[in-house]
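Fit chain U to the known structure of chain X by using the hints.
Residue numbers (this note's numbering), protein chains in the order written: chain X, 1 to 419; chain U, 1 to 211.
Please note that a few of the clues may not be correct.
Stated by the list, open to error - Listed below are the simulated EDC-like cross-link pairs for lysine to aspartate or glutamate, each with C-alpha atoms no more than 16 Å apart in a straight line:
#1 U:K87 - U:D45
#2 X:K316 - U:E53
#3 X:K237 - X:E138
#4 U:K82 - U:D32
#5 X:K223 - U:E182
#6 X:K370 - U:E183
#7 X:K418 - X:D381
#8 X:K57 - X:D190
#9 X:K249 - X:E301
#10 X:K285 - U:E13
#11 X:K316 - U:D195
#12 X:K338 - U:E182
#13 X:K338 - U:E117
#14 X:K402 - U:E52
#15 X:K338 - U:D195
#16 X:K370 - U:E66
#17 X:K223 - U:D101
#18 X:K131 - U:D101
#19 X:K316 - U:E66
Calculated directly from the structure, the hints in this document are not laboratory data.
Chain by chain, the residues:
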Amino acid sequence: MDEKALKMMEERRQRIEDVINGKEPDRVPITAATAVWHGAYAGYTTHEVLFDFGKCKNAWLKVARDFDFDTFTVIAGLEGMIYTVAFLEQPDISASARFILGPTHLALQDVYSRWPGYELEKNAHPQFIGKEIMNVSEYDQFIENPLDFINRVAMPRINRRLSNLGSAEYNAALAKFGAEVAKFGAFMADVSGELAKLGYPTFPMSWAYAPLDFISDFLRDIKNMVMDLYRYPDKVKEAVKAIKPLIVKAAEVSAPPKEIRKAIFGTEIVECFFPLHLNEYLNPKLYNEFYWPSLNEVFKEVVKMGQTPFVLFEGKHDAHLETLLEAPKGKVVGVFEKTDPRKVREVLGNHVILVSGPPNSLLISGTPQKVEDFMKNLLEDCKEGGMMIWPGVDGGLSRDAKPENVKAMVEAVKKYGKY
Amino acid sequence: MGLREEFVEKLSELDEGGAVELTQKRISAGEDPFLILEDVRKATDIIGKRFEEGRYFVSDLIMAGEILKQIMEILKPKLGGKKAESKGKVVIGTVEGDVHDIGKNIVIALLEAEGFEVVDLGVDQPPEAFVEAIKKHEPQVVGLSGLLTEAIESMKKTVDAIRDAGLRDRVRIIVGGGRTSEEVKVYTGADDWADDAAVGVRKIKALAGVS
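One chain only, chain X, in its complex shape:
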């Protein structure tokens, strides 16, 4: 690898490591992520970039060459944590099965998701809609043995192609799924190598989830879950307690083994990914009773394993900010979608490692000047003590984010993000 790229990769990695270790680096790092923006930028349809890994890679690397981020991650799938848990016994499949991908959706025909080129027009964003998989009367069966329930009862209901256990269709679908997941794992490793040649580091990731979100997203569906909290509070609490150890186990097995981390990734840091969903939905009483205690326990377990929780606080988290003071200090990275980062600083100080950035509405409808003004204010108000920028803070870069605005964001961080 050429020396310039190596040096750049080390600089970028150092910036992020410093922030995670509670230090101010030379300047604020930009950790960009998207599902489809790279495809739009490279001139592909959303369908193409989600179903053709070759095109996804071309677009990914084109963005990496044309923009000066510190990391650039493509998350080309939808929530699929239940597959990671279902396949816990097979760690390599478990780790790579975290997201429902276009090809795995085709292999299993899951009922949760809708995809461009199939259920949606070819430029639409893929969407996780969810479905009631477990009915109320099945809570006890789930609580008794959650892993068995997920495999024997839930999987055949989630995946149309797995509805008939032992059939030719069933066996073929599972083989196809395994092959697609392995292909995806190889693809990610390949891109990571190519990114390194361009001077981009990759941080290893592991997968976790808020226990209540798991039951809500994959088994009961959000609307039913909300009503269960009022109608069957004890069942919900027991279900949360039952799933929690499996989520902790998932975080453990999905991380690359400690011995090889440094050699492969050049870092000891593992970012353990938590996308939160019900946080914005719940009033403080429900949040404190059903959501937060088990989530914080998973945080603590994950930190104990030497991983860094990387948490997307979706929606407005304002009402629940103070609970984060109970989380391990300086160990949790928080991306705050709609909570003002100034408020996060005011309430939490450096207790949580702050990630913020311009919302997509600004990157879509704003101008480079407006983006610069926004970034200047954000950095001046929040960068003290270390922070990271996550452009398109509401879900990562949107398909319609204007490249000139994204460029303006990068330039503004270089101008106003220095220490």
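Relative to the frame of chain X, chain U by itself:
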């Protein structure tokens, strides 16, 4: 406390069992269902206000919608063919490319409880569907819903299509969803925006000229 006040309290406190039981009790006692409907509106108003004050959250609105649905199921057969006076007509749908509907459905439940006639177009609706619905139903307000950041572009296209069809002056348009903002309102050419359901209902009422 009278039965009417008790009913308003139970519903606004989201006491599912209590509110449904009282509805049954009032109907059994031969009470005018339109009076009950009036109380439902009062309670809905209180729920919306509590949301805006930060006392209620989305989960509370979902629960409120569920209780309202059960109460309306009891009331509907008793209302006969008669309709309560409509506060106005709203056409609402999730824009093209987006199939999310939790927020839209909460808004619809609250609007109906408030006495609006709502035409729900469903999800993933192209601009033409909104144009056709405006021609057919002549609503005062059109609600464009969407959760995805990609919905912003679809909202803009829909407002453009309504303008191109010569209908822009006949309706007020609101864009709604978690990723909307003042900026999105200006960009799409809508009249207002809301990133939560209760504010959405309040703004739709204002756009329809109902306070």
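Status of the hints after comparison with the structure:
The straight-line distance between the Cα atoms of U:K87 and U:D45 is roughly 14 Å, inside the 16 Å bound, and the hint therefore holds. Of the supplied pair hints, the one linking X:K316 and U:E53 holds, its CA atoms being roughly 14 Å apart against a limit of 16 Å. For the hint linking X:K237 to X:E138, the alpha-carbon distance of about 14 Å falls within 16 Å, and the restraint holds. As the CA atoms of U:K82 and U:D32 are separated by approximately 12 Å, the hinted pair is consistent with the 16 Å bound.
Distance hint between X:K223 and U:E182 is unfulfilled; the C-alpha atoms sit about 28 Å from each other, more than 16 Å. Between X:K370 and U:E183 the CA atoms are separated by roughly 11 Å; this keeps the pair inside 16 Å, and the hint holds. At most 16 Å may separate the alpha-carbon atoms for a hinted pair to count; X:K418 and X:D381 meet this at roughly 13 Å. Distance check on the hinted pair: X:K57 and X:D190 sit about 9 Å apart at the alpha-carbon level, within 16 Å; holds.
Distance check on the hinted pair: X:K249 and X:E301 sit about 10 Å apart at the alpha-carbon level, within 16 Å; holds. For a cut-off of 16 Å, the pair hint linking X:K285 to U:E13 stands: about 14 Å separates their Cα positions. About 10 Å separates the Cα atoms of X:K316 and U:D195, which keeps this hinted pair within 16 Å; it holds. Proposed proximity of X:K338 and U:E182 is supported: the alpha carbons are some 14 Å apart, at most 16 Å.
This hinted pair does not check out: X:K338 and U:E117 have alpha carbons roughly 32 Å apart, beyond 16 Å. Note on X:K402 and U:E52: the hinted pairing is violated, with a Cα-Cα distance of about 33 Å set against a maximum of 16 Å. Distance hint between X:K338 and U:D195 is fulfilled; the C-alpha atoms sit about 10 Å from each other, no more than 16 Å. A distance of roughly 42 Å separates the Cα atoms of X:K370 and U:E66; the hinted pair therefore is violated under the 16 Å criterion.
The straight-line distance between the Cα atoms of X:K223 and U:D101 is roughly 11 Å, inside the 16 Å bound, and the hint therefore holds. Straight-line distance between C-alpha atoms of X:K131 and U:D101 comes to about 13 Å, which keeps the hinted pair within the 16 Å bound. Straight-line distance between C-alpha atoms of X:K316 and U:E66 comes to about 23 Å, which puts the hinted pair past the 16 Å bound.
Violated hints for the displayed structure, listed by number in ascending order: 5, 13, 14, 16, 19.
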